Each structure stands twice: as C-alpha cells, then as structure tokens.
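Starting from the structure of chain A, add chains B, C and D where the hints point.
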Amino acid sequence: MKALYFAWLRERVGKSEEEIQPPASVSTVADLIVWLSARDETYAHAFEKRNVIRAAIDHAHVRHDAKIFGAKEIAFFPPMTGG
Amino acid sequence: MKALYFAWLRERVGKSEEEIQPPASVSTVADLIVWLSARDETYAHAFEKRNVIRAAIDHAHVRHDAKIFGAKEIAFFPPMTGG
Amino acid sequence: MAGGAPKPSICVQREDFDAAAETEALCRGRADIGALASFVGLCRDEGGTLAALEIEHYGAMAEKEIERVATEALARWPLLALRIVHRYGLIEAGGRIVLVAAAAAHRGEAFAAAGFLMDYLKAQAPFWKRAHLADGSLGAWVEPKLADDEAAARWSAANT
Amino acid sequence: MAGGAPKPSICVQREDFDAAAETEALCRGRADIGALASFVGLCRDEGGTLAALEIEHYGAMAEKEIERVATEALARWPLLALRIVHRYGLIEAGGRIVLVAAAAAHRGEAFAAAGFLMDYLKAQAPFWKRAHLADGSLGAWVEPKLADDEAAARWSAANT
Chain A
1 MKALYFAWLR ERVGKSEEEI QPPASVSTVA DLIVWLSARD ETYAHAFEKR
51 NVIRAAIDHA HVRHDAKIFG AKEIAFFPPM TGG
Chain B
1001 MKALYFAWLR ERVGKSEEEI QPPASVSTVA DLIVWLSARD ETYAHAFEKR
1051 NVIRAAIDHA HVRHDAKIFG AKEIAFFPPM TGG
Chain C
2001 MAGGAPKPSI CVQREDFDAA AETEALCRGR ADIGALASFV GLCRDEGGTL
2051 AALEIEHYGA MAEKEIERVA TEALARWPLL ALRIVHRYGL IEAGGRIVLV
2101 AAAAAHRGEA FAAAGFLMDY LKAQAPFWKR AHLADGSLGA WVEPKLADDE
2151 AAARWSAANT
Chain D
3001 MAGGAPKPSI CVQREDFDAA AETEALCRGR ADIGALASFV GLCRDEGGTL
3051 AALEIEHYGA MAEKEIERVA TEALARWPLL ALRIVHRYGL IEAGGRIVLV
3101 AAAAAHRGEA FAAAGFLMDY LKAQAPFWKR AHLADGSLGA WVEPKLADDE
3151 AAARWSAANT
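Residue numbers (the working numbering), protein chains in the order written: chain A, 1 to 83; chain B, 1001 to 1083; chain C, 2001 to 2160; chain D, 3001 to 3160.
Some hints could be false.
[What the hints assert, rightly or not] Using 30 angstroms as the maximum straight-line C-alpha spacing, the simulated DSSO-like pairs for lysine-lysine come out as follows:
1. A/72 x D/3064
2. B/1049 x C/2064
3. C/2064 x B/1002
4. A/67 x D/3064
5. A/15 x D/3145
6. C/2145 x B/1049
7. A/2 x A/67
Think of the hints as simulated: they come from the structure by calculation, not from any bench. This structure is a prediction, so every number in the text was calculated from the model and none was measured.
Next up, chain A with everything else stripped away, as it sits in the complex (with noise of 0.2 angstroms):
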C-alpha cells in the first residue's frame, strides 16, 4: 500500500509518499503508526506526537482503530488548518 505524508509529518519524514508493506500483525491506522515509529529515529520522532496525528484511508477520514486490510493509500497528517 502507499503511505502519505503531510505538512510538517512529511517534513520530519522526509518525503511525501511511499510503498510500504506492513506485515499480517499490523491490522489498524494504531498499529500501522507503531509499526513505522519502530522503524528508526526520524519516523519515531515524526509520529510522537500520536494523539495529534489524523489518518485517512483511501481519501476518508479513520480514526486510530480503523482496520487497514485493503487499504490502497493511508495519509498521516495532522490537524487540518483550511478554509
């Protein structure tokens, strides 16, 4: 699946989007935010902050407990700032 990034997420990640490939055990947005923080310093310190990140599945808005399976494209982001 392909994971999104933006505003200052994607600036601490470092990019704006890329193919992941969580394993089986990783079944909700929370353990997909667990599952990339292990992966090293940078992606540990741009999800700290989890209780301000959002997620959305496919274009939709989820909340941390949505399930993944199927999903074609997660974004993280965090809170909205438009009109």
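For chains B, C and D alone, coordinates are given in the frame of chain A:
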C-alpha cells in the same frame, strides 16, 4: 406637528401626510391614536388594529406610551417588512 | 481595532447595486481582513405568481435607523468594515433588494454581525413590501413573519 | 426543492477566483432564490508580519471531502444552489483563500449552511497552512484553533 402614514395605513387614511394640532390633553402616542380615530370613520378604520400599529417620533421608533410633546413629525405604520 | 470602530457605509437607494463591486471595495488594498461575510436578499417570484415587489419606505428615517443598527453591530463585534445597501421602489422578481457585507479578522464575528444586521433590518428598518402579481393585479402587503420578530429578539436575549 | 437537492459546485484550484462572478453566477436567470449568503476567507498580514501563506493540500482527497461536507449541508437545509472554491499554493497577504456561497429561499437556511460549511472546511478539509514571514523567513505551520474544533462540533450537537 406633521403626521405621516405608510403602507396600508396610508391607504386607509387616504393621504401620506398632514398637519395636525392635537389639544394639550393628547400627551402620548396612544392618546393621539384615540384622538385621530375619533375624527371619522376613515381614521377609525385605519387605526382599528391598534396593537399592530407602530409609531416613530422624529425618525426614531417609540412605544405607544411615549410622550409626543415637542415632536415635529409623528409617523404611523404597520410592522415593517424590509430586508 | 484599537483605533476605534470603522464608519459604516450605508446607502438607501432606488437603483440596483453591484453586489460584487460593493463587497470587493470593502477589502481592496487592505490585508487585515480575514473574513468577509455577505448577504444579498432577492425578490422571489413565489413559484411564478409574483412579478415584482413594490417597496415603500420612510425616507427621512430609513438611513438613520439603519445607521443606528449598524452602530450597534460595530459595538458588539470588532468589525473592520461594514456596508449596507437597501433598495426601495419597484423590484422585479429575481432582482436584488438588500446587501449586507461585514468584514472582520475572523469568521465568527463577520457571520454573526451579518446575521444580526439582517434580522434587525427585517424587524426595524422602515420599509414595507407589496406584491405585484404575475397576472397584472396588485397583491397584498407582505405580512411580517412571526419568525422575523423572534429572529430579532434572540439578539437581545443573547449577549445581555 | 421537491425536485431534489441541487448538485454542489466545488472547485479546488491554485488560481485566484472572482468572488463577485462566482456568486452572481449562482443566481443568474432564476427567481426562486430569496437569500444568498456568502463568505470569503482572506489571508491576513498579521499586523504586517506575514507576507503570504503556503497552503499544502491532499489533492486526491480535498475535492471528495468538500463534496461530502457539501452533500451533508444539502441534506440539512433546503438549499437552491451551492458553490465552494478552495485555493492551494502560495497566497499573498490580502489574497482570497476560500469562498462559500449558499443560496436558498430564506435567509436562515442560507446563513446556517454557509456557517456550517466554513466550520467543517476548517476542521475536515485536508489543507495545511504555513506562514511566509515579512522578513523573508519561513514561519511555522499554522496551529489549529481549539475554537475551530468546537465550532465544527456544535453542528453535531445541534440537529441530532
């Protein structure tokens, strides 16, 4: 003083303005409505629905218990429907 | 804002107005405005039964009364600019009747002021509408809606 | 209205928009609209300290998300027309960022829908603002205001 009439009140009175000289005993807007209504059938009909008639003294909304002493212009009209 | 409230710009006129130009003019050349809420009231044809509205007004009082209400809005909210235009005379179905445009730093204030002003214009500004029907006859004077008085009243209940 | 809700017209674009032309277009040629409430959000210069805002957005999601919120507004209020434009990219101080224009028979619905849409765009639409400061340096990412989340939340508390 000058009396002005608007909308259906103007149509019922049959004129848009006139000079009036109420006696000193007519001290409030309510008194003035009674005094005008006593003139003839036309005024009596125009002012019959007293509780819906609004008044303004010298271009400011007033209640029926407002004093008319010193007023230059008293306007009577139905509830407004601007906007 | 510390420099005091802006002077509201008010116009009571027979001519049509350019809602676009009016609102653009409020913001032109300034970068302190973050929110512009505007409202245009138009003449509905009521399903094809109404041809026009004739709007009678009390000329000597109308502008004064609108100014009074505008001053109240400026006292309640930190507005940066305010424009109100109200027409009178014959307005055909589809035509513009009234414009309120309120500019502020933030959207809450701009929206609240525009809503307040429209509620008060409906209830307090000396204008009376009469229908001209599509069949050529003269219709009735428009009756005020109870909802309009209630809409105006909620502003005195709040914030006092 | 019995004919079903209108299709909202939504645009996510880099280019500036003509707020005037956008709102005029909504009402052109129709006489069933009695109320047009519109809102334009602009880039404030924050007392001269801010030169521009860079607006990052999630392109594949933005239009979809705005459409979802617009559909919700159309389900809540009997709107006759709805137009939303949201820009991204670099927007200089004084420039336009967002437009919401809601047309209805009566003013209450038009105002409510425009307010609802702005509250939801702030909280739900995938856009992120970053300041470019007047001294040439890159400023911080704009922090969401708690008030914005509360503003969006009040619409779920009401009407449910």
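Consistency of the hints with the structure:
At most 30 angstroms may separate the alpha-carbon atoms for a hinted pair to count; residue 72 of chain A and residue 3064 of chain D meet this at roughly 16 angstroms. For the proposed pair residue 1049 of chain B and residue 2064 of chain C, the alpha carbon gap of about 27 angstroms is at most 30 angstroms, so the pair holds. Distance check on the hinted pair: residue 2064 of chain C and residue 1002 of chain B sit about 19 angstroms apart at the alpha-carbon level, within 30 angstroms; holds. For the hint linking residue 67 of chain A to residue 3064 of chain D, the alpha-carbon distance of about 21 angstroms falls within 30 angstroms, and the restraint holds.
The hinted pair formed by residue 15 of chain A and residue 3145 of chain D meets the criterion: a straight-line CA distance of about 27 angstroms does not exceed 30 angstroms. Among the hinted pairs, residue 2145 of chain C with residue 1049 of chain B is consistent with the structure: their alpha-carbon atoms are about 17 angstroms apart, no more than 30 angstroms. Proximity of residue 2 of chain A to residue 67 of chain A is assessed by CA-CA distance (about 15 angstroms); at most 30 angstroms being required, the pair is judged to hold.
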